[in-house]
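So the sequences go chain by chain: A and B.
Quick note on my numbering: the first sequence kicks off at 1 and runs consecutively.
Quick note on my numbering: the second sequence kicks off at 1 and runs consecutively.
Just so you know, these hints were derived from the structure itself, not from any lab.
Among the hints, a few may not be true.
Note that identical chains are pooled: a pair holds if it fits in a single copy or bridges any two copies.
[What the hints assert, rightly or not] As a list, the in silico DSS-like pairs of lysine-lysine whose alpha-carbon atoms are at most 27 Å apart:
1. K150 with K102
2. K241 with K254
3. K241 with K229
4. K86 with K150
5. K254 with K196
6. K254 with K117
7. K86 with K187
8. K229 with K159
9. K102 with K241
10. K187 with K254
11. K159 with K24
12. K98 with K229
13. K254 with K24
14. K187 with K150
15. K159 with K196
16. K98 with K159
Below are the chains, spelled out letter by letter.
Protein chains: 2
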Amino acid sequence: MQKLRISIIGAGNVGYHLANALYKSGHSVLQIYSRNLQTAQNISENLHSEAINSLSLLNPSADLLILCVSDSAIPELVNQINFQPKLIVHTAGSVSIKALNKFENRGVFYPMQTFSKNVSLDFGNIPLCIEADSPENLSDLRLLAQSLSKAVYELSSEKRLQCHLAAVFANNFSNHMFAIAESLMLKNDIPFDILKPIIMETALKVQQVSPLQAQTGPASRNDTATLQKHQSLLDAPDLEKIYSFVSQSILNYKLGAMPEIDIAKNNE
Amino acid sequence: MQKLRISIIGAGNVGYHLANALYKSGHSVLQIYSRNLQTAQNISENLHSEAINSLSLLNPSADLLILCVSDSAIPELVNQINFQPKLIVHTAGSVSIKALNKFENRGVFYPMQTFSKNVSLDFGNIPLCIEADSPENLSDLRLLAQSLSKAVYELSSEKRLQCHLAAVFANNFSNHMFAIAESLMLKNDIPFDILKPIIMETALKVQQVSPLQAQTGPASRNDTATLQKHQSLLDAPDLEKIYSFVSQSILNYKLGAMPEIDIAKNNE
Numbered sequence: 001m002q003k004l005r006i007s008i009i010g011a012g013n014v015g016y017h018l019a020n021a022l023y024k025s026g027h028s029v030l031q032i033y034s035r036n037l038q039t040a041q042n043i044s045e046n047l048h049s050e051a052i053n054s055l056s057l058l059n060p061s062a063d064l065l066i067l068c069v070s071d072s073a074i075p076e077l078v079n080q081i082n083f084q085p086k087l088i089v090h091t092a093g094s095v096s097i098k099a100l101n102k103f104e105n106r107g108v109f110y111p112m113q114t115f116s117k118n119v120s121l122d123f124g125n126i127p128l129c130i131e132a133d134s135p136e137n138l139s140d141l142r143l144l145a146q147s148l149s150k151a152v153y154e155l156s157s158e159k160r161l162q163c164h165l166a167a168v169f170a171n172n173f174s175n176h177m178f179a180i181a182e183s184l185m186l187k188n189d190i191p192f193d194i195l196k197p198i199i200m201e202t203a204l205k206v207q208q209v210s211p212l213q214a215q216t217g218p219a220s221r222n223d224t225a226t227l228q229k230h231q232s233l234l235d236a237p238d239l240e241k242i243y244s245f246v247s248q249s250i251l252n253y254k255l256g257a258m259p260e261i262d263i264a265k266n267n268e
Numbered sequence: 001m002q003k004l005r006i007s008i009i010g011a012g013n014v015g016y017h018l019a020n021a022l023y024k025s026g027h028s029v030l031q032i033y034s035r036n037l038q039t040a041q042n043i044s045e046n047l048h049s050e051a052i053n054s055l056s057l058l059n060p061s062a063d064l065l066i067l068c069v070s071d072s073a074i075p076e077l078v079n080q081i082n083f084q085p086k087l088i089v090h091t092a093g094s095v096s097i098k099a100l101n102k103f104e105n106r107g108v109f110y111p112m113q114t115f116s117k118n119v120s121l122d123f124g125n126i127p128l129c130i131e132a133d134s135p136e137n138l139s140d141l142r143l144l145a146q147s148l149s150k151a152v153y154e155l156s157s158e159k160r161l162q163c164h165l166a167a168v169f170a171n172n173f174s175n176h177m178f179a180i181a182e183s184l185m186l187k188n189d190i191p192f193d194i195l196k197p198i199i200m201e202t203a204l205k206v207q208q209v210s211p212l213q214a215q216t217g218p219a220s221r222n223d224t225a226t227l228q229k230h231q232s233l234l235d236a237p238d239l240e241k242i243y244s245f246v247s248q249s250i251l252n253y254k255l256g257a258m259p260e261i262d263i264a265k266n267n268e
């Protein structure tokens, strides 16, 4: 594909990983903006890019401007960009494309992954959700996305928000279940290491099998004796509540009371 | 180590995987019991074992009898075994060693993993939690466990129950978060595949980093705008409750209000 000249606004985890992936795929990373110049330089120095800490230094000739900032920072940045970029996109799951209405050529480039600076990632497997204001811009974004990943999806702002909500359950909430498990283990002087293989296996299983079908455990079997034994061990009211609500929800799903959708349909 | 002659009672997922792992490690699988003879035969035929469907056929000369049955089935089985085995163990996380008090030589052999018959597992990485009524029996179980896995832990019945409860959060509850995510995706006609890489990454991250430190997302940042946007999308009261309680709990953990333990201590 055509190699693009791309500037990245924001040098956090998404900016870091995206800039590196773009560079590796042969695109030019023209400029990297951060309020803190050193933060931008930490990324730019390996990518032959220019680090900048003022939006007035943005080069308007870039083919694409990518906003890699937190959801809440987008309006202010939009306000401060006072030229018409060839194309500008944001990378936020829960922000509508409308946030960029000020610009003639706009889109969204949302990578569905959790990023940490010190954890390297194979971008080729990261689902990229794209949206644009016109078929031409969508086509350009699709080509760019395909140059980075084999998993490219076109999603409207409404669907992207639903997807972001689902990801909160799949990532943030499951991680919190791991955190609760860790706290219970450490409180009882048992190494958290004992749970690491079962955590891996839980994630591996749903790569192949629907999580609804993969569900096991006392709630799923409605094993009230074990449920009560567990409840009596939880001395924190917050954990008791989570234990009982999640257990009830597991049973509801098992009984088909929820969700109002046909999982089998998806596997046709 | 010494190769043992072992009989397995129960031909479910645990029995299947344990019998195969014992055989591969050079032990003899003497007999496999199931109420359904065919189920026992499905396992025994590859392991040069005898399949039986009556407890009266159990060979008392076995070095070890392993009960691989559901928690609730243990008392009835104990009742029906009318000889003194050289050593007998159960494999249940939430059942005390006292359930085997009728026997002179008893213990527990609890593999911390989720088993499915059609998913092959490397037993060498599965944490095995052992307990016994005497130092001699504990030593024998430790040698056996070490012949199967490099992760062997001695846990009392009380600690094992705590560990089992923690595993419910780490495995059953995280899987339910995946199931809720799946239901939200399918309800909105978005492929669940989009979430599979982030699910893998979530599990991978906590192999290295404490889940408390790995926590991200709107609840963790107390991003009330996004939290409200998400809440308004959830039309099922059960999911709303889970969303708000888990979000609140994430924030509590972040603020150190819970748990009352020092995570840093564990990483010393």
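Results for each hint:
no.	hint	result
1	K150 with K102	neither (31 Å within a copy, 60 Å between copies)
2	K241 with K254	both (20 Å within a copy, 18 Å between copies)
3	K241 with K229	both (15 Å within a copy, 23 Å between copies)
4	K86 with K150	within (25 Å within a copy, 57 Å between copies)
5	K254 with K196	both (26 Å within a copy, 21 Å between copies)
6	K254 with K117	between (39 Å within a copy, 20 Å between copies)
7	K86 with K187	neither (56 Å within a copy, 36 Å between copies)
8	K229 with K159	between (41 Å within a copy, 13 Å between copies)
9	K102 with K241	neither (46 Å within a copy, 38 Å between copies)
10	K187 with K254	between (32 Å within a copy, 17 Å between copies)
11	K159 with K24	neither (30 Å within a copy, 49 Å between copies)
12	K98 with K229	between (51 Å within a copy, 16 Å between copies)
13	K254 with K24	neither (45 Å within a copy, 36 Å between copies)
14	K187 with K150	between (43 Å within a copy, 24 Å between copies)
15	K159 with K196	between (33 Å within a copy, 17 Å between copies)
16	K98 with K159	within (14 Å within a copy, 54 Å between copies)
In this structure, the earlier hints numbered 1, 7, 9, 11, 13 are contradicted, and the remaining ones agree with it.
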